[in-house]
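We have chain E; now place chain F onto it with these hints.
Each chain, letter by letter, is given below.
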Amino acid sequence: MDAESRAGDVVTLDDLITHARTLSEDIDFTAVTQWKARAEGRKAIGHMPTYVPRELIHAAGMLPVGITGGGDRLEIIRGDAYFQSYICRIPRSTIELALSHRLDMLDGMLFPSICDVIRNLSGMWSMIFPDRYVHYVDVPQNFDVAVGGRFWRRELETLRADFARLSDVAVDDDALRASIAVYNENRRVIRDLYRARSERPWIYPMSEVYYILRAGNVLPPEEHTAMLREYIALAPGESDRRDQDRSRVVLAGMFCEQPPHGLVLTLERAGCYVVDDDFLLGLRWLQEEVTTDGDPLDALVDAYLNHSAMSASRYAPDGDRGRWLIDSVARNRAEGVIFAAASFCDPALLDQPMLVTALDRKGIPHTEFKYAEDTGQFAVIREQAGTFSDSIRLWSEA
Amino acid sequence: MSAVRKEDSMLLQKQMMSDHYDRLATAHDEGRKVVYTFVPGNLNELVRSFGLLPVLPEINALQSGLRKKSGGYIAEAEKNGHSEDVCTYVKCDIGMLKKGNISPTGTQLPKPDLLLLSYTGCFTFLKWFELLREEYGDVPVAMLHVPYQANGRIEPHQRDYVVQQMRTEVIPKLEQVSGRAYDEDRLREMLRLSARAEDDLVWTLESAKRTPSPIDAYFGGVHYIGPIFSAFRGTQGAVDYYTALRSEVQERLDAGQGPVTPEGPMGTEKYRLVVEGPPNWTSFREFWKMFYDEGAVFVASTYTKVGGLYDRGFRHDPDHPLETLADYCLGCYTNLGLPTRVDLLEQYIRDYNADGFLVNSVKSCNSFSVGQLMMLRQLEERTGVPGVFIENDLVDPRYFSAANIKNRIESYLQMLDQKRGKAA
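The listed protein sequences correspond, in order, to chains E and F. Counting from 1, one number per residue, gives the positions in the first sequence under the numbering used here. Counting from 1, one number per residue, gives the positions in the second sequence under the numbering used here.
Incorrect hints may appear among the rest.
Stated by the list, open to error - Here are the computed lysine-lysine pairs in the DSBU-like style, where the Cα-Cα straight-line distance is at most 30 angstroms:
#1 K98(F) / K111(F)
#2 K362(E) / K14(F)
#3 K362(E) / K98(F)
#4 K370(E) / K99(F)
#5 K99(F) / K362(E)
#6 K68(F) / K14(F)
#7 K370(E) / K79(F)
#8 K14(F) / K111(F)
#9 K98(F) / K370(E)
#10 K111(F) / K362(E)
Keep in mind that the hints were calculated from the coordinates and are not lab data.
With the rest of the complex left out, here is chain E (with noise of 0.2 angstroms):
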């Protein structure tokens, strides 16, 4: 069932989810194939996790479509030609997934700037298709206005010309205001969900919300967010969700290459009630409403320096490394953290030691693994977060 012959169907929970979950595990990114085929000129720029200006290609009549490797559902046989035991997976995934031809689709790809792996991606990328539209976005790791801010905004001029050039649509500013304006709604009920998780996970679990929100990766954002809407209307009517003795924790690590579904679901087998992560990132990177008054660019630069979710790859300059999650412990009323990091991820893994003391300091357990996006064997990681989970519990009965 594609995106818009769906609409006006009366959906129920188990619809939506088995939607959503065809979309986030369809590597042959059908539904963005179906959604350039619906009007003659339709472009789609790929890119790969945590923050690119997606405003700038919708407001351009371009799909952004997030790339987030392949998952386990795709044989790597090509992909580890190219990469070094060593490195992590989503690389040799993604490499894979274009060399099948699976990501022949799009018209561009853009490559944040997270860590050396998609940054040197970026190049080989480059190397492999010579003839398509590449473009490593390099933000600011100086956040001041007329520094940071003015070298911010010549990147995304540059962008904002390439975009029009590939689209053959001029972006004005009042077309990349709208297109403000329907991301602000997106990250808006986004936030909403996490809001609503944090209350009741036991009405919106984890493994479900994880598919929910990759769906964004290829759906319009109209439709991602009109899905996530529905889904926070419809999930409160199922009849058997109840409270457990559960515990509640954050889950960090997890900003680039995405973990298996099964682990989301083993975490929670295992006890974990999961109320804030950082899943899928890019999708809720700027936290605040970007304004849609002024000069468009104005805004969506204050927004990156001003209002960025806080991530490894970013540059801490008050040098209070741990402290948005010590936040999101206390405004979620977590009980300890899940450190889980894709193994081989120096951002993540570099990171955590600084997370660690932090958390150490403030008395908050935490337990920590690795994975990677296509790991399959789930009992170890149910071992131990069901110990971490237990744990908790023991002590704050305590």
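For chain F alone, kept in the frame of chain E given last:
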């Protein structure tokens, strides 16, 4: 066992390094402040123009590797919660700090007065100094974000961004720490000295175009870049060092001699190789021996460009002091997009008349390593020159598998022989 042979310039450099560590050991007692910073894109002239002394944690790590101390430091860091998956330079540095911050020469390293985070070509640098900030507590950090040259060219707004950061972030913090005002005339004078040394470094590296090459541009090259890439660029000491080095190499050139190895002058040059990637430091001599025993000499290397692509024409320009420092930061090898790196290697293979090339892929450095398998294929396709790929590490001895590496190198060189035989 016979004594290790060293060139006079190596001895001179060893003395420079030893003197520098001695100065660092007494710096705080003598009222001098120290700035920790990184090799690629370092602002040595700017730092020294304020009378500050630089400390380069990468140099400490590689020196610890050469002295067989890194394995213990890495174990110490891992014991303290650092992942086995991440950069071993970082863990070596953290481990060294945890064990008292004793420098590789045995002297005490001072606590930093400023962490100058020149973030060029490597994301790990960012995390490294964030970790050090945690370890040292209230030390100020000056962040210099250097944009990536994905397309291999410097855009004007990138240069402006770097210069603006120097004006608004780096210089004010250097002024604050040193108690001195920014002195552009002094900086210009140091940049003038830099350019003189850079001329002689380029002459030395390009001497390898001659057959036989008078230098090994990798194992010898890492010594030759030492003063310019580290604490001495912009000093008279560096100028003197490169004058001496040039004269030494000129003598070998005149005599038609090859490089000096740890076991004396190298025998007949049989293979001319280009190399991509940093060397292994924990078994440096053993690794080098695998090549010189077979008559293989490295005639060009990309690792010797991590601190600047001087052989492509860049020189520090005293007439435009901050702009030239910005261009320097932007132009370091690992800050260049992969297509530019492949172009550079292709040029080296052709210009230096190489028989083959080695990719020494180190686990620790994703900035170098990601894409190297593709670089290998591209270079073979473009030049018809065969390459060989080795996996290794910088300072983690667990990843140096001598038997496997030697076996692969020997097989590769035999293959080059067969190729020559067929060509003849």
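Against the structure, the hints come out as follows:
Distance restraint check for K98(F) and K111(F): the Cα-Cα separation of roughly 12 angstroms lies within the 30 angstroms cut-off, and the hinted pair is therefore satisfied. Taken as a hint, the K362(E) and K14(F) pair is broken in the structure, with Cα atoms around 47 angstroms apart against an allowance of 30 angstroms. Pair hint K362(E) plus K98(F) holds up; C-alpha atoms about 23 angstroms apart against a cutoff of 30 angstroms. A C-alpha spacing of about 28 angstroms is found between K370(E) and K99(F), which places the hinted pair at or below 30 angstroms, so the restraint holds.
The straight-line distance between the Cα atoms of K99(F) and K362(E) is roughly 26 angstroms, inside the 30 angstroms bound, and the hint therefore holds. At roughly 17 angstroms between alpha-carbon atoms, K68(F) and K14(F) fall within 30 angstroms of each other, so this suggested pair holds. For the hint pairing K370(E) with K79(F), the CA-to-CA distance comes to about 17 angstroms; that is within 30 angstroms, so the pair holds. Only pairs whose Cα atoms come within 30 angstroms are accepted, and K14(F) paired with K111(F) is accepted, the gap being roughly 23 angstroms.
Of the pairs offered as hints, the one joining K98(F) and K370(E) holds, with about 25 angstroms between alpha carbons and a cut-off of 30 angstroms not exceeded. Note on K111(F) and K362(E): the hinted pairing holds, with a Cα-Cα distance of about 27 angstroms set against a maximum of 30 angstroms.
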